[in-house]
Amino acid sequence: MWRVGTVIALEDETGTARTIALQVADWPSHTAGQHVDIRLTAFDGYSAVRSYSIGSAPNQEGRLELTVERLPDGEVSPYLTQKLAVGDRLELRGPIGGWFVWRPWQTEPIQLIAGGSGIVPLMSMIRSRASAASTAPFRLLYSVREPGAAFYRNELEAIAAQGHSVQISYAYTRAAPKNWPRPVGRIDAALIANSTWPSGAVPTCYVCGPTSFVESVSALLLSCGNKPDKVRTERFGPTGGRQ
Amino acid sequence: MSSHAYDYLDGNAAAGDLSKIFAIDITTAEGQCANCGATKRFAEAHLYMHGPGLVARCSACEQILLRFVSVRERVFLDARGMTYLCFNASQSREAS
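Residue numbers (my numbering), protein chains in the order written: chain A, 1 to 243; chain B, 1 to 96.
Not one of these hints is a red herring.
A short list of chain B residues far from chain A (calculated; beta carbon distances all over 10 Å):
1. Ile21
2. Ala23
3. Glu62
4. Arg74
5. Gly81
6. Ala89
Computed from the model, here is a short list of chain A residues facing chain B with C-beta under 7 Å:
7. Gly97
8. Gly98
9. Trp99
10. Phe100
11. Thr211
12. Glu234
13. Gly237
It is worth saying that the hints were derived from the structure and are not from the lab. Glycine residues also receive a C-beta, built at the ideal position from the N, C-alpha and C atoms.
Could you put together the complete structure from these sequences and hints?
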């Protein structure tokens, strides 16, 4: 069933990514980690559907936020990040998916690992944790190309500053801030060992990013002793998939 | 390693299209692969969606579990790659 959402706010997260806030009538709320499908239809009837994760916390007000990364040769993301204006209407379907979700009754340690815009559904989990006043211990390992590519940086810093219950680490793959202790590079076994829950804590792990990122990180988690049924993954790709 | 080796998503990404025909969210349903016998959540399948339809493959043996194609108002579903798909009927519908 397709619904119509009205754009109520737009905010740039980085030079290539924009957060779109939508107000949707009769929206049945969502669970952190779910996505929506967005359908754009041209005047000639041609339509394109893409999936985007919800970044905001569940709420009863019919409001949701998506953060969309612009793909250079994308069919939908350039429109959403450059042309869309406040007051425009978008067709959407959802919320979708009941597997890659975190629910506030989960009290076990949570390990979130994001690659690039894969942070979006994990941010919904972090925000959901706060809005539900959950005390579940969270750790986030966030891999980005360079410091300016990180989404939600100020909000994540504010959350981390509140105490040790949400611990946040970054991995930089192309350029790191000055004096950053770790050389630039992809997430590896040493970083997993130093920055994530030991498997003995039996965390539930959520890994979201491009397919190659998810493959490599989930293999590292399994080699550290995490069980396959505790590692949940969400892949996205440039070809018609989650963006 | 070529990027071609990583041209799949996961079963989650099919949930919107499959909500046209399944009343209960399929991503949490457990399916058994008819080829290798692995039993996994549908969300864990490897999903190929750059063709005219969707193809879900077993994440253990890569055999086809399910094919789904929409042609105008007709929808074709081929699920013979699974011996069964087990849904939790008490679960409230999350894909609408």
